[in-house]
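> So the sequence shown is numbered by the numbering used here: it starts at 87 and just counts up by one.
If you're looking for bench data, these hints aren't it; they were derived computationally from the structure.
Hints are not guaranteed to be accurate.
Unchecked claim - Below 25 Å or equal to it, Euclidean Cα-Cα: the simulated BS3-like pairs (lysine-lysine) are:
{"id": "1", "residue 1": "Lys129", "residue 2": "Lys182"}
{"id": "2", "residue 1": "Lys129", "residue 2": "Lys193"}
{"id": "3", "residue 1": "Lys182", "residue 2": "Lys150"}
{"id": "4", "residue 1": "Lys129", "residue 2": "Lys161"}
{"id": "5", "residue 1": "Lys161", "residue 2": "Lys182"}
{"id": "6", "residue 1": "Lys129", "residue 2": "Lys172"}
{"id": "7", "residue 1": "Lys193", "residue 2": "Lys161"}
Quantities reported herein were computed from a predicted structural model and do not represent experimental measurements.
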Amino acid sequence: QVQLVESGGGLVQPGGSLRLSCAASGSIFSITVMGWYRQAPGKAREFVANIISGGIANYEDSVKGRFTISRDNAKNAVYLQMNGLKPEDTAVYYCKLGRPGLYYWGKGTLVTVSS
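Can you build the whole structure from these sequences, using the hints too?
Structure representation (structure tokens):
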């Protein structure tokens, strides 16, 4: 059974940084896409960033230049370095790993940006 566990969330002041981690355990093969989504209170879940086989990264426009996604294939792990955090980045952040037709989600980690 595959489980994804996120960590690294917390409370940070505007302008601060956090690094989120997501590690997968269990039998999971042929991961081609690793990514992060977020859901703010009262809003739908939205795409933040992903990284596909070959290392190509994609970002939602509002986080470009501030967030960096990376992966460790050997560990089935994905990371999100978040710099220059803004109050509007406050949300529960979820990781998503898998391949087309089969994806797994973590349970989320809360990021709160507030002074």
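> Of the numbered hints stated earlier in the document, which are not met by this structure?
The structure breaks only hint 4.
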